[in-house]
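S.K.: Sequence:
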Amino acid sequence: MPNAFSMPRQHIMAWQSALFGTLLSVTLLWPSAAHAHSFARSYNIPVPFWLYAWTGMAALLLSFLVLGWAMTSSAAAHQKSHLWRSNKPWFFRLLSLLALALLLLSIATGLWGNTDAYRNLNMTLFWIGIVLILPYATIFIGNVYAELNPWRSLVSQASQGRWRYPSSWGYWPALLAYMAFIWIELFAGFGPKQLSLAILVYSLFTLSGIWAFGLRDWLRYGDVFAVMLRLISQLAPIHYRAASTEFPNGAWQWRWPLSGIAEKPATHSSEVMFILFMLSSTAFDGLHATRWWSELYWIDGFALLSPWLGSNIVTAYPALKAGLVVFETLALLLSPLLYFALYVLCLWLAKRLLKSSVSLRELTYRFAYALIPIAVVYHASHYFTLVITQGSQLPRLTSDPFGWGWNIFGTASANPWIILPDMNWVWHSQVALILLGHIAGVYAAHQEALRCFATSRQAMLSQLPMLMFMMALTVFGLWILAQPLSPAA
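Each step along the sequence shown adds one to the number in full-length UniProt numbering, with nothing skipped, and position 323 is 323.
Everything labelled a hint here was simulated from the structure, so no lab data went into it. Be aware that a few hints might be false.
Stated by the list, open to error - Straight-line distance between alpha carbons at most 30 Å, and here's what the computed DSS-like set of lysine-lysine pairs gives:
id, residue 1, residue 2
1, K264, K351
2, K264, K321
3, K321, K193
To be verified - FRET-style restraints, in silico, Cβ to Cβ:
id, residue 1, residue 2, range
4, I313, L207, 44 to 50 Å
5, V325, F409, 37 to 43 Å
6, W211, T115, 31 to 37 Å
We put the CB at the ideal spot given by N, CA and C, even for glycine.
Please put together the full structure from these sequences, using the hints given.
M.R.: Following this line, the structure appears as structure tokens:
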């Protein structure tokens, strides 16, 4: 039996050194108080922010140097994996029916259950269970959602669609749905009933896409959850291969973590934009809740608009309040374009530095997946506290899904189960996640550079602009976490 994790010794040493650098950085900065971005109260960070920023950049630089010294060939060339057959297709069918039942339950509880979001199952089940826990689980267990997709259970597996999916569309349908989803999360203020109606609308959108273009193409390009979880699953050490002629019941595959990134590059500019929106939307969510952002609009913005609105902020307040949604919506929708411009600039500099014949478009596609680990840790560092706090309510809510006073499983305690993590632990966990994710991104980018360029020296030089980009992302991510929250956050 081949070893599932057989890698050259230098690659293992590189990972060990990178991880040691991260742990050392966090350990040196571990005092007694912290700031938690996910909570409404503002905490002072224990040491000056500049020290966190310089330490984070030093950890990235150290990792870059170690990886450049240790890695002289692409790890993918040395990868070995082990496949084992799946002999229980009924197990997936059972789980897919369970996923469909949870979807229907989430809709039903929202439509007919208690209007209190904290007593109704659907808000916690969707926002915590599906939006947070499922992606985090995918990092470790792979893309099982591809088999459990509840909308897939509602249609024929052989559905071919009425028209051929336009290749020019790429992942734009999923990206537009993703943008709408984030906008609803941040600005709509949905309660249980509105959330159920939104799920019904999205279900109609998905089933219409399947009817028009077929199950395979629409779930690959149009379903925002399928696209996101497929991208995230490339980090996983476990990969599930769908049923095929060789493996009629599917097969499981062990592989080295992050190796899925190396299998093939992005195929469309919309896929690159989807990955960048995973980054920018999370950063925007953190940024727009800060005091800095609030002052930017209400003080600087008001000063800019005062010639039209007058100098009295009380009389100008209704217009400013209405304009805030427009301002923040534009900022959210334009955020991936800013990241895209910086990303392409770094690749253009790398191309000019090496005088490479590889086209800029191809470089854009080939290095896009190296940003996935950064997007994932951004997401986790901002939201994992919600999994601990509100996720702990799931046993209670499962016993009383409609909020009608039931106690089906005996877990609907009169006193809610509340877990409040220590703020010191939260802050340094966030710092560690951001550093580890960026180190993983540096590793994945260097791995791709070794495949893209002729020599290890060229690969090293090509990554200098990308290293600057990742350092900037690290500092920006830490800066957002360190900002005091606005009173309305």
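S.K.: Any hints this thing doesn't respect? Which numbers, in order?
M.R.: Number 2 - this is the single hint that the structure violates.
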